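Construct the complete structure from the given sequences, taking the supplied hints into account.
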Amino acid sequence: MRRRVWILVLAAPVVAAAVLLVSGARGFAASAEQAQASNVEVKIDNFSFGPTTLTVAAGTTVTWTNRDDIPHTVVSDDKVFKSKVLDTDEKFSYTFTRPGTYGYFCSIHPKMTGKVVVQ
Amino acid sequence: MTKKVKDEILHDHNQDGIDRRGFLKCMAWAGTGALCVMQGGVLKSYSLSRLSDLGPSAAAAGELSFVQISDSHMGFNKPANPDVAGTLKAAVDKINALSNAPEFLLHTGDISHLSKPEEFDTVDQILKATRKEVFFVPGEHDVLNDDGAQFRERYGKGAKGAGWYSFEKKGVHFIGLVNVMNLKAGGLGTLGHEQLEWLEDDVKHLKSSTPIVVFAHIPLWTVYPDWGWGTDDSAQALAYLKKFGSVTVLNGHIHQTMQKVEGNVTFHTAASTAFPQPQPGKADSPGPMKVPAEQLRSVLGITDVNYVRGQQALAVVDSSLA
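Heads up: the sequence lines are chains A and B, in that order. Residue numbering for the first sequence follows numbering that gives the first Met the number 0, starting at 0 and increasing by one per position. Residue numbering for the second sequence follows numbering that gives the first Met the number 0, starting at 0 and increasing by one per position.
No wet-lab data here; the hints were simulated from the structure. Because the structure is a prediction, the values reported are computed rather than measured. Worth double-checking, as some hints may not be accurate.
Short, incomplete list of chain A residues facing chain B, as computed with Cβ under 10 Å [as the list claims (entries may be wrong)]:
hint : residue
1    : Asp44
2    : Pro70
3    : Val74
4    : Asp76
5    : Phe80
6    : Val84
7    : Tyr93
8    : Ser106
A short list of chain A residues far from chain B (calculated; beta carbon distances all over 10 Å) [stated by the list, open to error]:
hint : residue
9    : Asn38
10   : Val39
11   : Lys42
12   : Gly49
13   : Thr52
14   : Thr54
15   : Val55
16   : Thr62
17   : Thr64
18   : Val79
19   : Lys90
20   : Ser92
21   : Gly99
22   : Ile107
23   : Gln118
So the derived list for chain B, only partly shown, Cβ under 10 Å to chain A, looks like this [unchecked claim]:
hint : residue
24   : Asn144
25   : Val179
26   : Pro287
27   : Pro291
All C-beta atoms in this analysis are idealised placements derived from N, C-alpha and C, irrespective of residue type, glycine included.
What follows is the structure, given as structure tokens:
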């Protein structure tokens, strides 16, 4: 009698853990897919942002990568986001949660401007 | 270059001692080490190799001589120049070899490439070999991440605001301006209201015969707005200097020599000691321009400036590192 209880007691947490693991894994897989879909790149090269105007869905993470041979920054016109100085191959990411139009520029070379439109 | 050329004024429209033909001829020589001197209303040009031909009143034997260097970009290491420390050392060697030793140096900014302490340290170390006082103004690469706090700590003792200041040497009034702070999206360089007010006050009581030298990083005239090569409120600054008979504006930022004369004002930009940049509109962007390795030192350089009392303009001579 006692053994059966033990087995039950032992099994429960194991089963519970297994269920948790499976659901967790499914959950991770789902968010990984989601992350891939909502991660968009902007390339910085030749003193320009490419694309200059980017349209994304709310919740998207935008990653700027500097491919130029000179450092640049990504600074929002309205102080919403601001990168540190990005040397060649360095990146900056920002997740846009609210819809709106976000103008930004390079604070070192202010003629470089871009825009993210969040829908 | 061994030719000696004498140009006489044909049509002096602005009565400023220069006509277009003479000016253009001089301009073409400027990048190759030519001396353009205005003496008694006549623009004369001499190649550097024939400086000994100049008489005692010529700029080579001036009363005040200093050197402008610019855009050392210490820390830059891309193909356009993998050894910016080496080329800065070559510039120092050139300075130390000048027969008319300069009294001091002006550095018109972009001392460092990424505002890193070790980059500033290296430049200071290399310039020590000139054994001369150096006056600095910041470039946009010197004020990254900290709004210029480190720059002011190192080079701005006694300066106002973002690092502007003035001083006098042998009766010539020098003004260091900062036009790389608070840059706005889509904009050019900017001086700002506080600095302009300081400038107005700084020159208010000077006699109009005082020669003025203004130095700042971004050009104070509009060289090429598409690439941000200009200062949006420099007209106001120049208005405060209108009364002076001789104004020389020394800038950097564009990594090539360029000169413009407007009335009593001579604008001049220096070459970089690190890497060249393309001429306005000649490339997609104003980034570092790669040239064949053996040509690199010929597109980098220093600027030697001489003041002779009684002459209206300061004589400005660019020479390359090769």
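The hints, checked one at a time:
Taken as an interface hint, aspartate 44/A checks out: its beta carbon lies about 9 Å from the nearest beta carbon of chain B, inside 10 Å. Interface hint status for proline 70/A: upheld, as the beta-carbon distance to the closest one in chain B is roughly 6 Å, under 10 Å. Because the closest C-beta pair between valine 74/A and chain B is about 8 Å apart, less than 10 Å, the hint holds. For aspartate 76/A, the shortest C-beta to C-beta distance to chain B is roughly 5 Å, which falls under 10 Å, so the interface hint holds.
This hint is violated: phenylalanine 80/A has a C-beta 13 Å from the nearest C-beta of chain B, more than the 10 Å allowed. Interface restraint check: valine 84/A against chain B, minimum CB-CB distance 5 Å, threshold 10 Å, status holds. A distance limit of 10 Å between C-beta atoms decides the matter here; for tyrosine 93/A the minimum to chain B is near 16 Å, and the interface restraint is violated. The interface hint given for serine 106/A holds, since its Cβ lies 6 Å from the closest Cβ of chain B, which is under the 10 Å cut-off.
Non-interface call for asparagine 38/A relative to chain B: holds, since the shortest CB-CB distance, roughly 25 Å, exceeds 10 Å. Every beta carbon of chain B lies more than 10 Å from that of valine 39/A, the smallest distance being close to 21 Å; the non-interface claim holds. No beta-carbon of chain B comes within 10 Å of the beta-carbon of lysine 42/A; the shortest separation is about 14 Å. At roughly 12 Å, the least C-beta separation between glycine 49/A and chain B is larger than 10 Å, which holds for a residue marked as non-interface.
Under the 10 Å C-beta cut-off, the non-interface status given to threonine 52/A relative to chain B holds; the minimum distance is some 14 Å. Under the 10 Å C-beta cut-off, the non-interface status given to threonine 54/A relative to chain B holds; the minimum distance is some 19 Å. Here valine 55/A stays apart from chain B, with its beta-carbon at least about 20 Å from theirs, past the 10 Å limit. With 10 Å as the threshold on Cβ separation, the claim that threonine 62/A sits away from chain B holds: the shortest Cβ distance comes to roughly 20 Å.
No Cβ of chain B comes within 10 Å of the Cβ of threonine 64/A; the nearest lies about 16 Å off, and the non-interface call holds. Non-interface call for valine 79/A relative to chain B: holds, since the shortest CB-CB distance, roughly 13 Å, exceeds 10 Å. Lysine 90/A, annotated as away from the interface, keeps every beta carbon of chain B farther than 10 Å; the closest lies near 16 Å. Every CB of chain B is more than 10 Å from the CB of serine 92/A (nearest about 18 Å), matching its label as outside the interface.
Separation of glycine 99/A from chain B is adequate, the least Cβ-Cβ distance of about 16 Å exceeding the 10 Å criterion. The claim that isoleucine 107/A lies off the interface is violated: its Cβ sits roughly 5 Å from the closest Cβ of chain B, which falls inside the 10 Å cut-off. For glutamine 118/A, the shortest C-beta to C-beta distance to chain B comes to about 22 Å, beyond the 10 Å cut-off, and the non-interface label holds. A hinted interface residue such as asparagine 144/B counts as satisfied when its beta carbon comes closer than 10 Å to some beta carbon of chain A; here the least separation is about 6 Å, so the hint holds.
Interface restraint check for valine 179/B: the shortest CB-CB distance to chain A comes to about 9 Å, inside 10 Å, so the restraint holds. Against a cut-off of 10 Å between C-beta atoms, the interface hint on proline 287/B holds, since the closest Cβ of chain A lies about 6 Å away. A distance limit of 10 Å between C-beta atoms decides the matter here; for proline 291/B the minimum to chain A is near 17 Å, and the interface restraint is violated.
When held up to the earlier numbered hints, the structure conflicts with 5, 7, 22, 27 and fits the remainder.
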